[in-house]
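A.B. asks: Sequence:
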Amino acid sequence: MRETQNTYKRRALVVAVVTAYVLVIAVWLFWPLMFGPDPSPVSGMPESEFIDISAKILDHDGDGILDPRDIVVSARAYTATRPRYGSAYYEGGVPTDGRGVCTDLLAAALKGAGWDLQALVDEDIKADPEAYEVDVPDPNIDYRRVRNVAVYLERHTTSLSLDLHDAAAWRAGDIAVFRDHVAVVSDVRRPDGVPYLIHHEGPLQRAFEEDILTARSDLVGHYRMQ
Numbered sequence: 001m002r003e004t005q006n007t008y009k010r011r012a013l014v015v016a017v018v019t020a021y022v023l024v025i026a027v028w029l030f031w032p033l034m035f036g037p038d039p040s041p042v043s044g045m046p047e048s049e050f051i052d053i054s055a056k057i058l059d060h061d062g063d064g065i066l067d068p069r070d071i072v073v074s075a076r077a078y079t080a081t082r083p084r085y086g087s088a089y090y091e092g093g094v095p096t097d098g099r100g101v102c103t104d105l106l107a108a109a110l111k112g113a114g115w116d117l118q119a120l121v122d123e124d125i126k127a128d129p130e131a132y133e134v135d136v137p138d139p140n141i142d143y144r145r146v147r148n149v150a151v152y153l154e155r156h157t158t159s160l161s162l163d164l165h166d167a168a169a170w171r172a173g174d175i176a177v178f179r180d181h182v183a184v185v186s187d188v189r190r191p192d193g194v195p196y197l198i199h200h201e202g203p204l205q206r207a208f209e210e211d212i213l214t215a216r217s218d219l220v221g222h223y224r225m226q
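In terms of the numbering used here, the sequence shown opens at residue 1 and continues consecutively.
Since the hints were derived computationally from the structure, they do not count as laboratory data. Even glycine gets a Cβ: it sits at the ideal position worked out from N, Cα and C. Accuracy of the hints is not assured; some may be wrong.
Across the chosen pairs, the derived CB separations fall in these ranges [unchecked claim]:
| no. | residue 1 | residue 2 | range |
| --- | --- | --- | --- |
| 1 | Lys126 | Met45 | 35 to 45 Å |
| 2 | Lys56 | Ile141 | 35 to 45 Å |
| 3 | Asp116 | Ser40 | 23 to 33 Å |
| 4 | Tyr89 | Arg179 | 17 to 27 Å |
| 5 | Ser54 | Asp192 | 19 to 29 Å |
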C-alpha cells in the first residue's frame, strides 16, 4: 500500500511539473498576442561607430530634429503603445482599436518627421493609378498595403544598396522593404555594422526592435525619404 501511495505521489508530482512547464511555455508564446511585442530599445552599437553622422542631413518638418532621429524616435513612440498585430478596415484609415500592421508603424514613424504617408500614397495613386494597378482608390486602406507603399517609395524616394554589409549605405530612419513587409532601420547595430529593424510583423512577434536583416532572404528594397 505504501509503495502504491509513493507511486501515486510521484506521478502526481510529474503531472504537476509538466503542467507548470506547459503553462510557462504557453504564457511565453502567447504573451505578445495578449499584450503586444516588447517595445524596449535593443542594446547594441550606435550607428556613429560605423558611419559619419555629421554629413548634411535634412530636417523635413523643421522641428530641429534631423530626419533619421525623428523617424526612429517616432517609430519607438508608436511601439511604446504596444499595438497588437491585427488588420482591419478603418474609416479614416488609422486604426483606433490598439491594433496595427507593419505599414501602420511606418506611417507613424514618417508622420513624426513630417511625411503623411496616407496622403502621399493616395495622391500618387490618383495621379497614376496604372502604376499601382488600383481600379478604385481608397485612402482608408491603400497606404496600409505593402505593395502600394513599395511602389510609392520606388517612385518618390532614394533607392539604396541592398548590401547588408555596406555599413555606410544604411542610416537610421531608412526603410527596408521585403516581399510582404516593411520596416524602419534602427539607429542601433550589431558589432559587424548590420542595423537592427523596428517593425511589426505578426501576432507572436517577441519584440518590435529586432536583428532580422541577415536572417531573411526576401529583402527587395532599401529607401530613404527625401
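A.B. asks: If a hint holds in the structure, say so; if it does not, say that too.
C.D. replies: Hints versus structure:
With their beta carbons about 43 Å apart, Lys126 and Met45 fall inside the hinted range of 35 to 45 Å. For the pair Lys56 and Ile141, the supplied restraint of 35 to 45 Å holds, since their beta-carbon distance comes to about 37 Å. Evaluation of the 23 to 33 Å hint for Asp116 and Ser40 yields a pass: the beta carbon distance comes to about 28 Å. At roughly 23 Å, the beta-carbon separation of Tyr89 and Arg179 lies within the given 17 to 27 Å, and the hint holds.
For the hinted restraint 19 to 29 Å between Ser54 and Asp192, the CB-CB distance of approximately 23 Å keeps it satisfied.
When each numbered hint is compared with the structure, no violation occurs for any of them.
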